[in-house]
Amino acid sequence: MVEKEEAGGGGGISEEEAAQYDRQIRLWGLEAQKRLRASRVLIVGMKGLGAEIAKNLILAGVKGLTMLDHEQVSPEDPGAQFLIQTGSVGRNRAEASLERAQNLNPMVDVKVDTEDVEKKPESFFTKFDAVCLTCCSRDVIIKVDQICHRNSIKFFTGDVFGYHGYTFANLGEHEFVEEKTKVAKVSQGVEDGPEAKRAKLDSSETTMVKKKVLFCPVKEALEVDWSGEKAKAALKRTAPDYFLLQVLLKFRTDKGRDPTSESYKEDAELLLQIRNDVFDSLGISPDLLPDDFVRLASEQTDICFGCLSLWRPESQRGLLCHICQLLKPPPAGALTSIPREVKTCRFGFSCGLKFKAPCGLVMLGLSVLC
1 MVEKEEAGGG GGISEEEAAQ YDRQIRLWGL EAQKRLRASR VLIVGMKGLG AEIAKNLILA
61 GVKGLTMLDH EQVSPEDPGA QFLIQTGSVG RNRAEASLER AQNLNPMVDV KVDTEDVEKK
121 PESFFTKFDA VCLTCCSRDV IIKVDQICHR NSIKFFTGDV FGYHGYTFAN LGEHEFVEEK
181 TKVAKVSQGV EDGPEAKRAK LDSSETTMVK KKVLFCPVKE ALEVDWSGEK AKAALKRTAP
241 DYFLLQVLLK FRTDKGRDPT SESYKEDAEL LLQIRNDVFD SLGISPDLLP DDFVRLASEQ
301 TDICFGCLSL WRPESQRGLL CHICQLLKPP PAGALTSIPR EVKTCRFGFS CGLKFKAPCG
361 LVMLGLSVLC
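The numbering of the sequence shown is full-length UniProt numbering, which starts it at 1 and goes up by one.
Any given hint could turn out to be false.
[Said to hold, decoys possible] Pair by pair, the computed Cβ-Cβ distance ranges are:
1. G283 / K180: 39 to 47 Å
2. N103 / R40: 14 to 22 Å
3. S263 / Q24: 38 to 46 Å
4. P286 / K230: 19 to 27 Å
No lab work stands behind these hints: they were computed from the structure.
Heads up, the beta-carbon is just placed ideally off N, CA and C, and yes, glycines get one too.
Start from the sequences and build out the full structure, keeping to the hints where you can.
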């Protein structure tokens, strides 16, 4: 049973909020909903992934959400970004997303900011409890992560590049509780004997164990020294997507945009050159990332808004997590399922991720790099 209080009364929630969030309160509890209700979140980059994150947070009931984007709506954006209405080409992307975002949940204070995130001072970020970056260059990601780390702000970043995607979390020092179940050993009783002597095979004891993890900065995750013996041994178990991310972030930093199908030939040549340069600087062989990665690196409007990964802070430890690339591009308009590739990291965490796309059910593999 949920205790309902008037808004502003002892930190409780109002009758209206209790009705609005009834199902999720039953799922994760009143205290978790109160924490959501008190949180202010910044989302940078309102393309497909940013819109999906904004939608989920607004429906969850955060206190306030700011959508920051200085770019204008392109002709392709409405096909991948469901908050933007048709006919919005040329408008600021965040402003074009505001009306539909507000309509999702009037209880959430949704705002827009049209200034470039690179021009924002450190004091700007301290107004938020969590910051999530999309569509940002490597330098901006590292800079904002450092600001958030200094000010104890939860930091997330992620992106989708065609059929490739990643997400990263830096929660600083994160405490959580893990449920441990221990099966009690009970001797087999007599079937027709007294009730107390019968077998209780389902007897178990559940305890809550407190744990603490220290998340690493994104700069540390991206600048691994692969020359050491320990790192070389880990290289065999590291998915190529980690190095693909390095290539794609450098492409974005150098060109100021992501690869596109319109300039496929030019972008493919540059991606291969960047791959060779990046791998040379890391001291590893370019063979770890086959040439055909360039075919799946440009934005795909059919699925980019659906590429959200699962998040388990106790498993990921703030290290890079990614969605593995699909093995083959889907036949246009005729796809119902896609083969998946699931890799297991040295922590042993891997799983399948499913989401709906206009072209059908898409299956991706999720794994964690260490």
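May I ask you to test the hint 19 to 27 Å on the CB atoms belonging to P286 and K230?
22 Å, holds
Cβ separation of S263 and Q24, checked against the hinted range 38 to 46 Å:
Hint holds: Cβ distance 43 Å, inside 38 to 46 Å.
Just to be sure I understand the hint, the distance between the Cβ atoms of G283 and K180 should be within 39 to 47 Å; is that true here?
42 Å, holds
Given the range 14 to 22 Å, decide if the beta-carbon distance of N103 to R40 lies inside it.
20 Å, holds
Hint check: no violations occur; every hint is consistent with the structure.
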